[in-house]
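Enquirer: Please build the complex by placing chain B on the supplied structure of chain A, with the hints as guidance.
Chain order of the listed sequences is A and B.
Residue 23 is where the first sequence starts when you use our numbering, and the numbers rise one by one after that.
Residue 23 is where the second sequence starts when you use our numbering, and the numbers rise one by one after that.
Since the hints were made in silico from the structure, they are not lab data.
Bear in mind the structure is a predicted one, so any value in this text is a computation, not a measurement.
It cannot be assumed that every hint is accurate.
No copy is singled out in the list; a pair is fine if it fits within one copy or between any two copies.
Derived SDA-like pairs: lysine to any residue, alpha-carbon spacing no greater than 25 Å straight-line [said to hold, decoys possible]:
{"no.": "1", "residue 1": "Lys-260", "residue 2": "Arg-287"}
{"no.": "2", "residue 1": "Lys-213", "residue 2": "Arg-48"}
{"no.": "3", "residue 1": "Lys-180", "residue 2": "Thr-113"}
{"no.": "4", "residue 1": "Lys-225", "residue 2": "Asn-212"}
{"no.": "5", "residue 1": "Lys-260", "residue 2": "Arg-285"}
Number of protein chains: 2
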Amino acid sequence: MREIITSGFNPSIKYLRSLYNTKKRRNEGKYILEGYRIINEAIESQVDFDSIYFTPGFYKSDKGNHIINKIDDTVYINVIDKRVLEEIADTVNPQGIIAIANEIKYDMVSFLENASTILVLDRIQDPGNMGTIIRTSVAAGVDGIISLKGSVDIYNLKVLRASMGAIFNIAVFSGIDFDSFWNIIEKYRNKYRLISTDPGGDKFYFEEDFTKDIMLVIGNEANGIRKEIIARSDEIIKIPIIGKIDSLNAAVASGIILYELMRNRSYKY
Amino acid sequence: MREIITSGFNPSIKYLRSLYNTKKRRNEGKYILEGYRIINEAIESQVDFDSIYFTPGFYKSDKGNHIINKIDDTVYINVIDKRVLEEIADTVNPQGIIAIANEIKYDMVSFLENASTILVLDRIQDPGNMGTIIRTSVAAGVDGIISLKGSVDIYNLKVLRASMGAIFNIAVFSGIDFDSFWNIIEKYRNKYRLISTDPGGDKFYFEEDFTKDIMLVIGNEANGIRKEIIARSDEIIKIPIIGKIDSLNAAVASGIILYELMRNRSYKY
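Isolated chain A (complex conformation) (with noise of 0.2 Å):
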């Protein structure tokens, strides 16, 4: 049994501790899990590690023994105190086991150069809503998600929990400024066509052609996209509302205009 690190002054500790924060986090390149579902998640997405926390407890069981053979011999393992680990987690039962992750760094130019299908995020503010249009995304093909300055971390651990492990099987650019998001819609404005979803729309989400490669943007959750977006577009799209509400949500809506993109295309399912 290794030894059981009980001060919250160990380096080790402290280094957990500041990746809560979530500027610390995005200038690390890392992230943050908490419980056995998510990590084990990781692990068979192949996901990058820095280290494992471990309660002795967790440490002792079959679940810490399964993370413990699968990991690479190269992540650094501590074992700390329930009392300590409880403590720095977000989770109330963080189960024992908390991971810090490295992020992964897709290359945007290639990353641009091949995909077909690319969700943009204009300031999505809800990490539930923000974890599942990642979950969906995943679940409808979608080749890589680009989120706007603005929106809600991607490690948000709402964000990651809400995500069902998705966001380890999709590109995401996050953090991206709208300078650099004008750029790239210049440089591949004729690769890509740029849709935005907005209750103004010209025409019906079923009426649009989505057989080209496309970049869909859907915006915020009270506010929707950014008018300069808007004005930018190929197309401006909208899903039809009958009962008495004014909007969709934002995970909803994606996932009606994924589908029907995907359908549209008609993937072989």
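Expert: Quick look at chain B alone, frame taken from chain A:
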């Protein structure tokens, strides 16, 4: 200005507090709304109120005035100490207003005789999903929802928030036990086709003919629909999954199928 209630032992306060218990709420046929936005939506949707609790500040504000002018004379108005109201409220920032509303009692028989699209929820657990499903149902023009026992309370505050006021505009029958549901589907077997959604379905959702009267069943987030319901279904439909993920979120799946259903019936948008 009315008298300001400052004691937590005041009977009106004790009654309000008691309704934060789900069982008590159900027995009384009441539910609670917190915050200006949803209470205002409820008023616009002709919800029947029992009483409203204001903080002194909110009572005197423009929004407070707006509410007071719009509600019926029979609604009992209380002005209570800010500290007391915040201590009772579920929301971190209840914005100085809490209301007790009377549940609408829909007539099940006349509903079943006249509806053409019914959504059946088999043990939906997550309040966000439940609220989003209700919102999506209103948007897609569903006639009503039968929520089976074991699903989250439809008057849970998180459900109400996620529904964005949709709950005031659709018939919802909640807490329906399995035997009652069984009787309904037996009695109306000639009117409604019972369609379950399950990954083991026989056909894809877009291959289904939705033009007849339909009861569409959506199941629990982790375990899906009970096997007895699946076995009794006229049709079991599935949604294709392209990428590496097990399933879609229940609210997203509902949205994809309900919008296909509505389109299939060629509603005039």
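Enquirer: Now look at each hint and say whether the structure bears it out.
Expert: We went through each hint and held it up to the structure:
no. : hint              : in the structure
1   : Lys-260 x Arg-287 : both (19 Å within a copy, 19 Å between copies)
2   : Lys-213 x Arg-48  : neither (31 Å within a copy, 57 Å between copies)
3   : Lys-180 x Thr-113 : both (9 Å within a copy, 19 Å between copies)
4   : Lys-225 x Asn-212 : within (22 Å within a copy, 38 Å between copies)
5   : Lys-260 x Arg-285 : both (17 Å within a copy, 14 Å between copies)
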